[in-house]
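Just so you know, the sequences run in chain order B and E. For the first sequence, counting from 1, position 346 maps to 346 in this note's numbering; every step adds exactly one. Just remember that this note's numbering sits 1000 ahead of the position in the second sequence, which is counted from 1.
Each hint should be verified, as a subset may be incorrect.
What the hints assert, rightly or not - Mimicking SDA-like on lysine to any residue, the simulated pairs with C-alpha atoms at most 20 angstroms apart in a straight line are:
hint	chain 1	residue 1	chain 2	residue 2
1	E	K1019	B	P145
2	B	K36	E	I1003
3	E	K1116	B	K36
4	E	K1123	B	R146
5	E	K1187	B	R146
6	E	K1123	B	W227
7	E	K1123	B	G265
8	E	K1187	B	A150
9	E	K1019	B	F33
10	E	K1123	B	K36
11	E	K1019	B	F166
12	E	K1116	B	A264
13	E	K1161	B	G285
14	E	K1187	B	K36
15	E	K1161	E	A1171
16	E	K1187	B	P145
17	E	K1161	B	G273
By construction, these hints were calculated from the structure, which means they are not laboratory data.
Residue strings, one per chain:
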Amino acid sequence: MQSNVQQFPPFREPQSDHAHGDHGHAEHHEPNFWQKYIFSTDHKVIGIQYGFMALCFMLFGFGLMLLMRWQIAHPGVAVPLFGPLLAKVLGQPAAGGIISPELYNSFGAMHGTIMVFLGVVPLAFAAFGNYVVPLMIGAPDMTFPRINMASFHAFFLGGVVMLVSFFIPGGAAQAGWTSYSPLATTIPTNGQAFWLVGMVLLITSSLLGAVNFIATIIQLRAPGMTWMRLPWFVWAQFVTAFILLLAFPPLEAAGVLQLMDNLAGTSFFLPTGLAVGGQLVDRSGGGSPLLWQHLFWFLGHPEVYVLILPAMGIVIEIIANNTRKPIWGYKSLVYSVLFVGFLSFIVWAHHMYLTGMGQKIATFFQATTMIISIPSVIILTCMFLSLWGGSIRINTPMLFALGFLPMFGIGGLTGLPLGLAAADLYLHDTYYIIAHFHYVVAPGTIFALFAGVYFWFPKMTGRKMNEFWGRVHFWCSLAFMNIVFMPMFAQGIKGMLRRMSDGAVNYSAARVPNAIDALPGSVMQLNGVILWAAICLGIAQIPFIINLFWSISHGEKVGDNPWRATTLDWQTPTPPPHGNFAHEPHVVRGPYEYSAPNHATDFTPQDEPESSSAPLNPNAHH
Amino acid sequence: MEIPYTVQARPDTGLYNAKLGIWLFLASEVMLFGGLFSAYVLLRVGAEPGMWPHGWLNVTLGTVNTLLLALSAITTLLAWAACKVRDFTKFKIFHACTILLALTFLGIKSYEYHDKLIHYEIKLNNGTFADGHLVEKSADFDLAKKTGTVTLHGHIVTDEKELMDLRSPEAQAAKHEEVIVAATDIKSMGNYGPRHNTFTAIYFTLTGLHALHILGGTLVIFYFWAFGGAMWKTDPERFTNRIEVSGLFWHFVDLVWIFLFPVLYLT
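The following block holds chain E by itself, in its conformation from the complex:
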């Protein structure tokens, strides 16, 4: 049994099956991220005045990541073009670049996550807040038993709202130094993980889901890159189609980031 139009386009639709399939899949992906973006909108407009964070993310790193993905979009296109002109060596070179760019993106993303996870906000018993990156916890530190101390590189603020807009002149002028806090003074303590507030929650969820898409796309591209030689020899047209379809997915993932970057980093 032979299923028609697996490689050649059907004349009246102008598409081969997989190309139609990936477009349909991307339509559903639009709805998936659309749902998450609308969640972002509702959470943001529903936030109490002054409690939606600004400037919490590193714009430089975000910009670098944006450029990496933009470059990978170009190499993906060139890899497909190389297949079209039946130049397998060039295909190998371009998609090697794509994979390296994607891995660098994921590396930078992990660094950003780590930076958030070691960033602590400590509510003190006197009503003020100690905020900064964890330097060390003393060996006997135990929040429940109220023993030991924790050292942050950061500062003390009197109102939580001062931590919300890090682009403000006051926040820019704040002096960051080592702060040692005794466990006996701590009312509650938490890092800037997903549960910190709704901004970190949607930040980790959106970028995490996006990173999973990057990871999945990279695995597929790597599979074609490393093991595609056999099909290239027997059926180069089918292989080229596969590169095109995986490329369409990759462009979509890039596009999602183009929306994520301004929404999370720049506003």
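Chain B with its partners taken away, still in its complex shape:
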């Protein structure tokens, strides 16, 4: 597998004398456990910390979903196996092991929050970004290593606050991951305050991360790494960082305002004359529930692109690597991602067609929503066209990357009717929406993230994950993901609303036979299908979990560049030491120089000096 890649000497050359000796000195003594794994400032360790935590949170969020699916398919029936445990840990809301509607609401709100803010974003942006971006641009670390550490610690604290909120009296937040006011303020639990404090910590974390990423990409590119030589993954992370930097603060502002509503008795989001349970609320009123929705979705929609852009970046890297030819339309990809990033700030109110904000505003946001689909389609088209004529090398990362394409396609295309106000009025808040955005995020983004894990695992550990079990993981996940989410389109079109506990049983034809819009039995039966598909999907992740840990010590040993890749992240020692590169790399070409004619191998690393016959870069050392 090994090729004639330029190999680095195993040890760094001694640094020339520098003004500040503190960094150099720290390398000489072996750091203890705490310094190495908990208070590390090394971007690679922080990336792995983020990745591990995010995967744990995703598993937890998946578990919440399984409990919810049980309650939907079998309302009022105690949860098997975990019922007694739930009753013991959570008390009254889970009395007798039965999930009460309040608990269902909590699980729903926390499933969304955990999956988005504690699972996918930290994995896609913070974990892969931290580990891979400095390697790809040829940097020794992030620009602000200690801020990077602080970012992870804020994330960790935010996660702890979110988890603790399950155990307070009244339980965790129940107002959905969108936390619409006045519901979020009037529900009698302090879980919402915990949610808000947790969110402020998570926003702080992503703010610190975003500043660090942008500064790193601007300041620490290696010599010769011009903007148009950046791997597209770096571009995607760059735009993502800008979205996080500029879209999250308004949600932080909204969080502060809602925290004031919940704790200081203000009425930012509470209208005049608000009554709860037939009683006038003792508030001044005068606030605006719409204000919350605007501030929330000003983050909420760009957040969608935070979820998807890093995933697309991963897919592009893997496709280029496994088709063994340059990616199709690199410049179109770069301009498209910049355009997506810009436009993502002016589409937010397409989540609010049903609020009565007015036809004129709806028309504007309809137009921008249709426009933003253009660059997204360009990106996906470039991915498809890159496959054309390639001699495709199939392996687990490539399977997941290929799986991403149609899955994200389904998610994206089913979103178009939702962008048009007329269709959205009917489909809004139904299971159609759930199916749509889960296709984008679950078999879309999460598949890309799995691809990334399988792809960069050899760089992190020096070993490959098991190929056979990787393929088992892929095919089972692909099948069960579709059995879980495809039926939801049908349920939504039939009018089944999301966010209802007991799986809409009160609206079923069996319960209300005379209602013309009652949900037919066929729709209700799908709940059972989805439950078992979800359970199987959970089982399908077991090979991945075992494979991940087993391969750290038992996987097939590989060299520095097992995929024969061109980008700088594969031109380092494995695993990369503190400081990453043995020599400062000098970049002489673009990121996807595969199968170049007249070259001995079918890939030309970005920093491989030009051959002696054409000495274009005399500065490059050998």
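Dock chain E against chain B, hints included.
Structure of chain E alone, referenced to chain B:
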């Protein structure tokens, strides 16, 4: 391992890392305060006619605070300039001024908060309102048990709207004197804290968040002022950069106040 451009600027960007970092951070701060200001706009245009307050804040104190921050911006700049010409004594003097100005600002701000928190509006059972600053509550005063009296320095109005525009000639002409109200006459009673109405809510939130920024900035500047000597001796250029970066943050905080002052005090 050495991270490049921590002190020297990168030639093609013209920036050292921390300077780029602080500008990015300030961009996000613009969005944070931008979100809050847009909340202010939506609340104000959405208020019922005649129910958005005018003239509730003390313009004199606001003006003094504006001048204090403007002065501190100048001393911050001079402190950085002193570092640039390697004059540590001058740096110490100028940033001492900055810190004192900031603390005075916070003192005045606390006084204003206190003034609002002891200002009560009492809705009486006969439909009128007693409004004024708390003088005293009698020892046995208990609103729930309806015992005792409360004394305000203020006046009685028949319509709550009369309290909304304190710049109007009627409000200016109103005579303020001691008003004693019995607990038995009180329907509800509350101070001008955040929960009073959406104006006090956004006032306390915006200025409170701004005051936290002032406090944070002051702590950082104080840290460099008090403990910066060591770095000054070993690496004056890096220290100067730190003063520049903290100064950029300080100018931003000043700028936020320049927007807050007219929006809250003058309109």
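The hints, checked one at a time:
1. E:K1019 with B:P145: Holds - the C-alpha atoms of P145 (chain B) and K1019 (chain E) are around 16 angstroms apart, at most 20 angstroms.
2. B:K36 with E:I1003: This hinted pair holds, its Cα atoms lying about 19 angstroms apart.
3. E:K1116 with B:K36: violated (51 angstroms)
4. E:K1123 with B:R146: Given that 20 angstroms is the threshold and the Cα spacing comes to 54 angstroms, the pair is violated.
5. E:K1187 with B:R146: violated (56 angstroms)
6. E:K1123 with B:W227: violated (66 angstroms)
7. E:K1123 with B:G265: Given pair K1123 (chain E), G265 (chain B) holds - Cα atoms ~18 angstroms apart, limit 20 angstroms.
8. E:K1187 with B:A150: Not OK: K1187 (chain E) and A150 (chain B) at ~51 angstroms, beyond 20 angstroms, violated.
9. E:K1019 with B:F33: violated (33 angstroms)
10. E:K1123 with B:K36: Status violated; Cα separation ~63 angstroms.
11. E:K1019 with B:F166: violated (41 angstroms)
12. E:K1116 with B:A264: Cα-Cα ~15 angstroms, so holds.
13. E:K1161 with B:G285: Status holds; Cα separation ~16 angstroms.
14. E:K1187 with B:K36: violated (63 angstroms)
15. E:K1161 with E:A1171: Satisfied, since the Cα-Cα distance of roughly 11 angstroms is no more than 20 angstroms.
16. E:K1187 with B:P145: The hint is violated at about 58 angstroms.
17. E:K1161 with B:G273: Given pair K1161 (chain E), G273 (chain B) holds - Cα atoms ~18 angstroms apart, limit 20 angstroms.
Violated hints for the displayed structure, listed by number in ascending order: 3, 4, 5, 6, 8, 9, 10, 11, 14 and 16.
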